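> Chain by chain, the residues:
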Amino acid sequence: MKAKIIITPKKAVVDPQGITVKKALEHMGYTGVAGVHIGKYIEIDLAPGTDKAAATKALNDAAHKLLSNPVIEDYKLEISE
Amino acid sequence: MNFAVLQFPASNCDQDAVHAVRHFGHSAWLVWHKDAALGDTDCVIVPGGFSYGDYLRCGAIARFSPVMQAVKQFADNGGLVLGICNGFQVLTEAGLLPGALIRNRDLQFHCENIFLKTATNDSPFASQIPAGKILRVPIAHGEGCYFADEETLAKLKANNQILWQYCDKDGNLTDSANPNGALLNIAGICNEKRNVAGLMPHPERACEPLLGSDDGKWIFESIFAALKNKTVAQAA
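Just so you know, the protein sequences line up as chains A and B, in that order.
Residues 1 to 81 (the numbering used here) are what the first sequence spells out, left to right.
Residues 1001 to 1236 (the numbering used here) are what the second sequence spells out, left to right.
Please keep in mind that the hints were generated in silico from the structure rather than gathered at the bench.
Any given hint could be a false lead.
[Claimed, not checked] Anything over 10 Å on all C-beta distances counts as not near chain B; from chain A, calculated:
| no. | residue |
| --- | --- |
| 1 | 16 |
| 2 | 24 |
| 3 | 25 |
| 4 | 36 |
| 5 | 41 |
| 6 | 61 |
| 7 | 76 |
| 8 | 81 |
[What the hints assert, rightly or not] Listed below are the simulated BS3-like cross-link pairs for lysine-lysine, each with C-alpha atoms no more than 25 Å apart in a straight line:
| no. | chain 1 | residue 1 | chain 2 | residue 2 |
| --- | --- | --- | --- | --- |
| 9 | B | 1230 | A | 65 |
| 10 | A | 4 | A | 65 |
| 11 | B | 1193 | A | 11 |
[Stated by the list, open to error] Heads up, incomplete: computed chain B residues facing chain A, CB under 10 Å, no partners named:
| no. | residue |
| --- | --- |
| 12 | 1022 |
| 13 | 1024 |
| 14 | 1063 |
| 15 | 1066 |
| 16 | 1072 |
| 17 | 1074 |
| 18 | 1092 |
| 19 | 1093 |
| 20 | 1099 |
| 21 | 1104 |
| 22 | 1111 |
Everything numeric in this text was worked out from a predicted model, so none of it was measured.
All C-beta atoms, glycine included, are put in the ideal place defined by N, C-alpha and C.
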């Protein structure tokens, strides 16, 4: 079982990396790019036999306390078999 | 006065902080991040550097060090805590100071002297800074852009928690004097109780004329004065 956590900057936070990449895409001629937001992707391997509900609860806790900073970031957690 | 300076893996301004405190004739020692006790200290300095390699986010891992529990308790009891650069980042991650420090708006690491305006003298970290004095101190960071949501910013302003702001040499808070894009040109803030402060610039690197500026001394002199007043008050 794998947990996938996607962390993105909150909308109110200026994302200079996203802005720079957007400009680069436009410069290269890619049209229609309205916005680029750069975040992080964390993959966690869960031990065999892990209870999905318990893991979801624990990982939400971890994502809130350590993996993301709720002041500046949002996260999305997915657990797949 | 006694100062405990924290030392995380990859702290690199810890010795500078110890040197600055000793330069002024006070005592300072290093406290390893795995230690659970600070010793009999009057003030804690969380120094600059790249604690834990800045992995995940600056200060994110350091905040869970055993020593940070002791710092939290020390701060809760009213002890003075100053976070410099990475130390500021650690204190925001630990929730001891509001907001966060994010990537500089131009994505560049800035290593240069900047000018600082003291927004209020009303804190143990700024009481001795002469009125109108513009401090010239160095910065060295890639992630020093202060961010907080509107509600937090309003609270910081209402409580006079903004201590230092980036300015030009004449004290004007201009956008070009802002090296990292910090909201309201914020370089340093304190908590509501005013006993915990953090700033991105390095006062400990500007305490002797030989280093190009000794303006950083005013921040240390303010801490010494606050601690002296405290000792006098306790004795009375």
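> Is the interface hint satisfied for residue 1072 of chain B? The criterion is a beta-carbon contact with chain A at less than 10 Å.
14 Å, violated
> Beyond 10 Å on every Cβ pair: is that true for residue 41 of chain A relative to chain B?
Holds: least Cβ distance 13 Å, greater than 10 Å.
> Grab the minimum C-beta distance from residue 1074 of chain B to chain A and call the hint holds if it beats 10 Å, violated otherwise.
21 Å, violated
> Does residue 1022 of chain B meet its interface restraint, that is, does its C-beta lie within less than 10 Å of any C-beta in chain A?
Status violated, d = 35 Å.
> Residue 1193 of chain B and residue 11 of chain A were given as a pair; does the straight-line alpha-carbon distance stay at or below 25 Å?
Distance ~30 Å between residue 1193 of chain B and residue 11 of chain A Cα, so the pair is violated.
> Should the hint that residue 1092 of chain B touches chain A count as held when the rule is a Cβ pair under 10 Å?
Constraint on residue 1092 of chain B satisfied, holds at 8 Å.
> Mind verifying the non-interface call on residue 16 of chain A? Its CB should be farther than 10 Å from each CB in chain B.
Violated, since 5 Å does not exceed 10 Å.
> Would you assess whether residue 81 of chain A, listed as outside the interface, keeps its beta-carbon beyond 10 Å of every beta-carbon in chain B?
27 Å, holds
> Under the criterion of a CB-CB separation shorter than 10 Å, is residue 1111 of chain B in contact with chain A as hinted?
Given a least distance of 18 Å, the restraint on residue 1111 of chain B is violated.
> Sort out whether residue 65 of chain A lies within 25 Å of residue 1230 of chain B, counting only the CA atoms.
With a Cα-Cα distance of about 35 Å, the restraint between residue 1230 of chain B and residue 65 of chain A is violated, given a limit of 25 Å.
> Is the interface hint satisfied for residue 1024 of chain B? The criterion is a beta-carbon contact with chain A at less than 10 Å.
35 Å, violated
> For residue 25 of chain A, is the shortest CB-to-CB distance to chain B above 10 Å, so the non-interface label stands?
With a cut-off of 10 Å, residue 25 of chain A remains clear of chain B, as the shortest Cβ separation is near 16 Å.
Consistency with the previously given hints fails for numbers 1, 9, 11, 12, 13, 15, 16, 17 and 22, ordered from lowest to highest.
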